[in-house]
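Build out the structure end to end from the sequences listed, making use of the hints.
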Amino acid sequence: MPISSHIPKLTRRAALLGAAAALMFSAVLPAHNARAEDTVKLGLVAALSGQSAKSGEAITRGIMLAIDKINADGGVLGKPIELVSRDDEANPGKGLVAARELAQREGVAAIIGGLDTPVSFAIVPFVNQQKIPFIGPWAAGTGITKNGADENYVFRVSAVDEYVDEAITEYLIANYGAKKPGMILINNPWGESNEKGLLKALDKRGMEHAGIEKFESNDVDVVPQLTRLKENGADSLFVVANVAPTAQVIKSLDRMGWDVPISSHWGPAGGRFTELAGKSGEKVHFIQTYLFTDAADPMFVKLQEKFPEIKTLADVTPATGIANAYDATLLTAAAIEKAGSTDGAAIRQAMYEISGIKGMIKTYDTPFTPDDQDALGPEDYTFAHFVDGQIIPIK
Amino acid sequence: MKSLRKFKNPIPKLNKPVALDCTIILAVIGGLIGVSITGGYTQFVIGLVAITTVLCVGLNVLYGLTGLVSLGQVGFFAIGAYASVILTLAGLNFWLSLVAATLIAAIAGCVLAISAVRMAGPFLAMVTIAFAFIVEHGAIEWRSLTGGQNGLMGFPMPQIGSYVFAERDLVMLCVIVGGIGLLAFRRLAVSGWGMAMTSMRDAEIAASSLGYNAFAVKASGFAIAAAVAGLAGALYAPLMMFIAPSNFPISQSILYLFAVILGGAGTVLGPFVGASVSVLLPELLSDFAEYRLLIFGALLIVVLLIAPRGLVGMAERFIPIAKRGVKAIPPAEIEAGLKAYPKSDGLTVDNVSISFGGVKAVNSVSFAAKPGQVTSIIGPNGAGKTTLLNIISGFYKPTEGAVRIGDQDIAGRPTDFAARSGIARTYQATRLFENMSVIDNVIAGLPVGRFGAPFSVIASDKNRSHAAGLLAFCGYLGDIDARAGDLPHVDRRLVEIARSLATKPGVLLLDEPAAGLMHADKVSLAKLLRQLADAGITVVLVEHDMEMVMGISDHILAVDAGTPIIFGSPQAVQNDPQVIAAYLGDGEMTARPRPIPFEVGASPVIETLRLTAGYGAAPVLQSVDLKVQQGEMVALLGANGAGKSTFLTALAGLLRPVKGSIVLNNEYIHTLAPHQIVEQGLILVPEGRQVFPELTVRENIELGAYKQPKPVSKDELEAILKRFPRLRDRINSLAGHLSGGEQQMMAIARGLVAKPKALLLDEPSLGLAPAMTEELYAILGELRDEGVTILLVDQMATMALSVADYAYVLEQGQVVAQGKASELRRDERLIAAYLGGAEQTTKEPKKVAQ
Amino acid sequence: MTLLIAALITGIGLGSMYGLVALGFQITYSVSSKVNFAQGSMVMLGAVLGFVFCEQYGFPVILGYPLAILCCGVAGILVEFFLVRPFAIRNSEAWLMATVAGGILLDNVVLFTFGNEPRTLPSNLVSESWNVFGTGVYPQQILIPIAAIGVALALNALFRHTRQGRALLAVVQNLQAAKLMGINTTVMVTGSFAISSMLAGCAGLLIAPLFSVHSDMGTLFGLKAFAVAILGGMTSAYAVMLAGFIYGLVEAGVTTYLGSSYTFIVVFALVIAVLTIKPSGLFGRAAIKKV
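Those protein sequences? They're chains R, A and Y, same order as listed. Following numbering that gives the first Met the number 0, the numbering of the first sequence begins with 0 at its first residue and continues without gaps. Following numbering that gives the first Met the number 0, the numbering of the second sequence begins with 0 at its first residue and continues without gaps. Following numbering that gives the first Met the number 0, the numbering of the third sequence begins with 0 at its first residue and continues without gaps.
I should point out that these hints are in silico values taken from the structure, not numbers from a laboratory. Hints should not be assumed to be uniformly reliable.
For each label pair, taking beta carbons as the anchor points, the in silico distance ranges come out as [to be verified]: (1) A:A119 <-> Y:L152: 25 to 33 Å; (2) Y:L77 <-> R:Q348: 56 to 64 Å; (3) A:G411 <-> Y:W129: 42 to 50 Å.
Residues from chain R that keep clear of chain A, each with C-beta distances beyond 12 Å, as calculated [to be verified]: (4) K68; (5) G77; (6) D86; (7) K93; (8) E105; (9) P124; (10) G190; (11) E215; (12) H284; (13) A295; (14) K310; (15) D314; (16) Q348; (17) I393.
Don't be surprised by glycine CBs; every beta carbon is placed ideally from N, CA and C.
Given below as C-alpha cells:
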C-alpha cells in the first residue's frame with residue numbers, strides 16, 4: 000500500500016520497530032565479551048553441505064580426534080580446546096564472512112579450513128590483514144600459501160598443486176612412457192591452478208600436450224571433450240576434479256571405449272568413487288598423503304570409537320582429509336602452547352619454532368619456515384588406486 | 000478511528016510522512032550509533048543489513064510499486080560490484096566509480112526491460128533468471144576482466160581527500176545511503192512516478208487509458224531497481240574486500256525477493272525490516288552450521304504462511320490510519336474548469352474496419368462526433384460497439400480507416416497516446432485501481448501520463464481539492480479515502496467517470512455506463528452527461544438503455560453485426576425501418592406456451608430465503624426470495640446488471656460465501672462447493688455456453704455425466720441427438736469449431752445428461768439468430784412439457800414469459816415484481832417500468848453468432 | 000562427424016529429459032497457473048528413492064521404480080497442499096517463494112537422511128556401450144528419449160480416454176464449466192501437482208544411471224526444464240516436448256563446439272532473445288488483449 004493515505008502514524012510504529020531492531024541486533028553483538036574464557040577456540044571453515052560435504056566431514060573428524068587427544072593431555076595454555084564450525088557451502092563469499100565471524104565475533108585463536116581453493120583464496124587477504132593464523136588441511140592451490148604477503152599467516156598441511164602436478168607428470172612418464180598427455184580439468188580455480196602446474200611440469204621436460212579440456216561439475220557427459228583429446232593423439236590423461244565429476248570422466252571414457260592411462264590429483268579419494276565410476280575407476284591412479292591400510296591401525300580404531308557410524312575402511316574416505324586435519328590441529332595446538340598466548344602474531348612466530356610433533360602422516364621437524372609455509376612436500380605423497388571400494392597404495 | 004475523525008486537519012508535525020521520515024532517520028541514527036559502539040563483525044553485519052536494504056528498496060520499486068517480479072536482481076548487484084571494482088583498480092576515484100557503476104547497472108536494467116516489459120508471470124521470472132545466470136557465468140569466463148572464479152581483491156578503500164576510509168566509515172556510509180534510499184522511496188511512492196507505477200500494477204489497461212505509457216513506466220521500474228542494485232553492489236565490494244562470481248548466485252536473488260515480501264512489498268519500511276531479518280536470521284542460525292539451510296527453508300515457509308502481507312503490513316493493521324482533510328472545489332467551479340480547458344475539434348471516425356480471424360467485427364463505420372454533443376452508438380449485443388470504442392481508444396489497430404482528433408489521425412496509435420491526445424474512456428466492467436483510495440484513483444488521472452518530478456507529492460492539497468471536486472461534481476457522495484475495490488457498483492461508475500474527467504479530455508467515451516443502475520441513478524447520470532457535453536466535451540455513449548439514449552443524444556449511430564445502419568438524429572433513427580427491423584427482429588418471434596396450465600405442486604425444488612451475495616463489499620443480490628416448484632418453469636427477468644447471472648452463479652455454488660439460504664429438495668446447499676451441488680442435481684447451463692473448445696462434442700456431452708454413476712449410454716446419446724438433431728453431424732467435431740447456436744444446443748445437452756433435478760439456463764438466446772432462438776425455445780418448451788424443472792434467465796423478456804409458468808423481476812439485486820408469466824406478459828406497463836430499456840432489448844437477437 | 004553424432008545423441012537424450020520435467024511445469028500451469036519451483040528437487044527425489052528402494056532395500060526394479068515415482072506423486076500432493084494452496088486462496092504470489100523454499104527444505108532433508116555422498120544407481124543399460132557411427136552410446140541413452148516420449152504419449156492417452164483424465168483437460172480448457180460439470184477442481188489441481196512430480200521423478204530415474212545420485216542433483220535440471228517449459232509456451236504438451244529437444248540439442252551443440260563453460264551463457268542468452276521476439280514462447284499462443 001504505497002500511497003500516503005495508508006501510511007500510519009509515528010509513535011507506535013517507531014516503538015515497534017525499535018523493539019524489533021534491538022532484539023535482532025542483540026543477536027549479533029559480540030558473543031565473546033571477555034577473552035578470558037575457559038576454552039581456547041579453534042575455528043573451522045569448510046563445506047559441510049553440498050557436494051564436498053563428505054570431505055568436510057573428514058576434516059571435522061580429523062580435528063575432533065586431535066582435539067580429543069590434546070584435551071586428554073591437558074589442553075593448551077591449561078585450557079581445553081573448543082571447535083567452532085562454520086559451513087562455507089563451497090562459496091568463497093560465505094567462507095570469507097564465516098572467517099570474519101569466527102575471528103571477530105567468536106574470537107578464535109586460529110582458523111583451520113578452506114576445503115575449496117577459491118574459498119581459501121578469498122580468506123587469505125583477510126587473515127593476513129587481521130593477523131589470524133589460517134591453517135589449510137585440504138585446498139591445494141599453490142598461491143594459497145605462496146600469497147606474497149610480507150607477514151604471511153597462511154600455513155598448510157596438505158598437498159600443493161604445483162608439487163602434485165610435478166609428481167603426476169613424472170608418474171605418467173615413468174610408468175607408461177607418456178609422450179603426449181591430454182588434460183581434462185574441472186572448470187574452476189582448482190583446475191586453473193593445476194593447468195599452470197601441469198604446463199610448468201611439461202615445459203620443464205620439453206614435452207607437448209594433446210590439449211587442455213575443461214568441464215563443469217554438473218556435466219552429465221564429457222564425451223565431446225574427451226573425443227577431441229583422443230583425436231589430438233593423447234596417449235595418457237591428467238584428471239583434476241572431485242569425486243563425482245571424475246566419475247563422469249571415467250564413465251564417458253568407458254562409453255567411448257577408450258582405454259588410456261590416467262593419473263589424477265587426489266579428487267577421486269573422497270567418497271565412493273568406484274561405485275560412481277564403475278570398475279574402470281580402479282584404473283585411475285591418484286595422489287594421497289595418507290592411507291589407512293589396515294583396520295587394526297590404532298588411529299582407525301580411535302576413529303571407530305569416536306564415530307560409531309564408521310564400520311569399515313571404506314567408510315573413512317578420504318583418509319587424507321582426516322590425517323591432514325589431525326596433523327594441522329596438532330601443529331596449531333603446539334604453536335599456541337609454544338606462543339604462550341592466543342595472540343595471532345605470537346602463534347605465527349611459534350609456528351616456525353615448533354618441532355618434533357608426531358602426527359599421522361609423519362613426525363614434523365620444523366615443518367614451517369617463512370620461505371615455505373607448507374608442512375608437506377612431494378616426498379610425502381603416495382600413489383594409490385581403488386580396489387574393491389578401498390584405497391590401496393600402489394607399489 | 001473515531002478520535003481521529005475529529006481532526007480533519009491534523010497538526011502537520013504528526014502528519015504521516017513526517018512520522019515515517021522520523022522513523023527512518025531514527026533507524027539511521029541507531030545504525031550509526033551501533034556502528035560506533037561496536038566493531039568487528041557486528042559492524043560488518045550492520046553494513047550488510049544496510050546494503051541489503053539499499054538493494055531491496057530498488058526491488059521494492061519494481062515489485063512493490065510496479066508489480067513486476069525480478070529474480071535477476073543479483074545480476075545488477077554483480078554488475079555494480081564488478082564495474083566499481085574494475086574501475087577503481089583501473090585508477091578511477093571510488094566516488095566516480097560508484098556513480099559509473101550505478102549508471103552501468105541502470106543501462107543494463109533498461110536493456111533487460113526491452114525484453115522483460117512485454118512479459119508477465121513465469122515468463123518474466125525466466126528472463127530475469129536467465130539474465131542473472133548470464134552475468135554470473137560471464138563473470139566466471141571473462142577472466143581478463145573479472146579474474147574468473149578467483150575473483151578480484153586488493154582494491155583500495157574509498158577516500159575523501161587524503162582520508163582513507165576504515166571499515167567503520169564505510170559501514171557508516173552504507174547506513175546513510177540506506178537511509179537516503181528509504182527516504183527517497185518514501186517520496187517516490189507518493190509522487191507521480193509512484194502513482195504511474197501503482198496504477199500500472201493495479202490495472203494496466205486503465206493506466207494506459209489515463210495516458211501512462213506501459214513501457215516507460217515498467218522500464219523506469221526496471222532501471223531504478225537496477226541502478227539501486229548497482230549502487231548496492233558498488234558499496235558491497237569494498238565492504239567484502241573481495242568479490243567473486245560465487246558471491247552472486249541466483250539463490251541470492253530469491254533471498255532479496257523474499258526479504259521484500261517478508262518486510263512487506265510496497266511499504267516504505269518493508270525493505271529495511273526484510274533485509275534485517277534475511278541478513279540476521281542466517282547469523283542467528285550460524286551455530287547450526289550444516290543444518291542452517293534446512294532451518295532457513297522451514298522458517299521461510301512458516302513466515303510466508305503467517306505473515307502474508309509482510310511484517311510491516313502486519314504491523315500496520317494495528318496502527319490506525321490518520322485521515323487527511325480536503326477542501327473540495329465546489330461543483331460550479333469544476334464546471335467552469337471543464338469549460339475552460341482547450342479541447343479538440345471533435346472526433347471523426349472514417350471508414351474504419353477490423354477483422355478478427357477472418358470475421359469482420361467492424362465494417363466500414365464512419366461518423367463524426369462534435370464537441371458539445373452527445374453521440375450515441377446503439378446496436379444489439381455483439382454488434383461491435385465496444386470493439387469500435389476499443390479502436391478509437393487505441394487498444395485495437397483497425398485493418399483500415401482513420402480515427403481523427405481534429406486533424407490528427409490516431410488510428411493504430413497506442414492507448415496512452417490516444418489518452419494524451421484527449422480521449423478518455425470508461426469501461427463496461429469498471430476498471431478502477433482496486434487497491435488505491437477513491438481520491439487517489441482520480442488523482443492518477445490528473446497528470447495525463449506525465450510522471451512529474453520524481454520526489455514531489457502528487458496528492459498535493461491542490462490535486463486533492465481538484466479530485467474531490469470532480470468526485471462531488473460526478474455525484475459521488477461516499478468516503479473519498481475508501482478503498483476503490485470496496486465500492487458498490489454505482490459508485491464505481493461515478494469514480495471512473497470522475498477519473499476520466501481528470502485527464503481533461505476532449506472526447507469522452509462511455510461504455511454502457513447505465514448498466515445495473517437504478518432508474519433514479521440513470522436520470523442523474525443522464526443529467527451529468529448532458530452537463531459534460533454542454534461544457535464542450537465530445538461525449539460518445541454506448542448504451543442499451545433506449546430511454547436514456549433517446550433522451551440525451553444529439554446524434555445516434557446504429558450498427559448491426561459490425562455494419563452501420565444509419566447515423567442521424569434520435570427521431571430519424573427511431574423511425575428508420577432498417578433499424579426497427581434489425582433491432583426488433585423481423586416479425587414477432589413466439590414460443591409455445593404450456594398447453595395445460597401448470598398446477599402448483601406440493602413442495603418447491605429450489606427455494607432461496609433472503610439470499611444476499613456479491614463480489615467484494617457491495618452486495619449484488621439483496622435478500623432475494625424465490626421458489627421453483629417441481630416441474631415448473633420459472634423465468635427470472637431484469638435489465639443488464641440487475642443481478643440475474645449472479646443469482647444463478649450463487650445457486651450453482653460458483654459464488655461463495657453467500658448470506659441467507661438456498662434449499663434444494665429440502666436440503667441446504669448454500670455452503671456446498673459447485674461439484675457437490677452438481678451431485679445434488681442442480682445443473683447450470685452458463686451464460687456464453689462455456690464449452691470445452693478442444694474436446695469433441697461427444698466428449699463434452701460425456702463430461703456432463705461426470706457425476707453420474709454410469710457414463711452416457713448409446714441410447715442416451717441417441718435420445719440427445721434426436722432432441723438436438725443439429726449435433727448429429729458435428730458429434731466428432733471440436734466444440735470450439737461449432738457455431739454459437741450449436742454450442743448452446745450442446746451446452747444444454749451437456750446439462751441434460753446430468754439428469755438434473757433442476758436445470759438453470761443463463762441467457763441461452765444470447766447472440767443467437769432469430770431462427771436459432773425459436774428452435775431453442777421450442778426445445779425448452781418440450782423440456783418443460785416433459786416435466787423438467789427449469790429456472791430461465793433471458794434478456795428476451797417476452798419470449799421467456801411466453802414459455803415460463805411464473806416469473807420474477809429483479810432490479811438492483813432485489814425482487815421488485817413476481818407473478819404468473821401470462822399475467823406479467825400482459826402487463827406492458829409493468830415491464831416498461833421495471834425493465835427500463837430491457838423492453839426494447841428483449842427482441843434484439845439479430846446478431847448471427849460467430 | 001563423431002563429435003556431431005555424439006552431440007546429437009547427448010542432445011536428444013538430455014532434451015527429452017528436460018521435456019519430461021518441463022511437461023510437469025506445463026501441466027500444473029495449465030490447470031492452476033501455478034508452477035512447482037521445487038520440480039528440480041522432485042527429479043532428485045525420484046533418483047534418490049529409486050536408489051534407496053532398489054539398492055538399499057533390495058527391491059526389484061519393477062517394484063522399486065514405480066514405488067519411487069509414486070512417492071514423488073505424494074510429495075507433489077504435499078507441495079500443493081502446504082506450499083501452493085494456502086497462497087492461492089489468498090490470491091498471493093508467495094507460492095513462488097514457498098515452493099522454492101520447499102525445494103531447499105527437501106534437498107536438505109535428503110542431505111541429512113540419504114547422506115552427503117554422491118551414489119550411483121546402477122543399470123544394466125550403462126554397463127556396456129554400443130558403437131554408433133564411431134561414438135560410444137549407452138543403451139540407456141537410447142532408452143531415455145524412447146521412455147520420455149512413451150511416458151508423454153501414455154499421459155496423453157490417459158488424459159483423452161479416462162474419466163479423470165478428461166476431467167483434468169476440462170479444467171484446463173474451462174475452469175468454470177468444469178466446476179459446473181461437477182468436477183472437483185481442487186482435487187484436479189492437486190492431481191496435476193502429483194502428475195507433475197511423478198514426471199520429474201521419472202526423469203530422475205532415467206538420468207540417474209548416467210549421472211550420480213545426490214541431494215542437489217536436481218537444481219540445474221529443474222531450472223533448465225523451466226526454461227524449456229517457458230520456451231514451449233506453457234500451453235501445449237507437444238510444444239513443450241519439442242522445446243525440450245531443441246534446448247537439449249542447442250545445449251549439446253554449444254558444449255561440443257564451444258566448450259561447456261559457455262553453455263549457460265549462450266543458451267540463456269538465446270532464451271532471452273527468443274522471448275524478446277516471441278514473448279509467449281516459441282510455440283506459445285499470443286493471448287488476445289481483452290478489454
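Hints and how they fare:
no.	hint	verdict
1	A:A119 <-> Y:L152: 25 to 33 Å	holds (32 Å)
2	Y:L77 <-> R:Q348: 56 to 64 Å	holds (58 Å)
3	A:G411 <-> Y:W129: 42 to 50 Å	violated (60 Å)
4	K68	holds (23 Å)
5	G77	holds (26 Å)
6	D86	violated (5 Å)
7	K93	violated (8 Å)
8	E105	violated (9 Å)
9	P124	violated (5 Å)
10	G190	violated (9 Å)
11	E215	violated (10 Å)
12	H284	holds (27 Å)
13	A295	holds (32 Å)
14	K310	holds (22 Å)
15	D314	holds (19 Å)
16	Q348	holds (23 Å)
17	I393	holds (32 Å)
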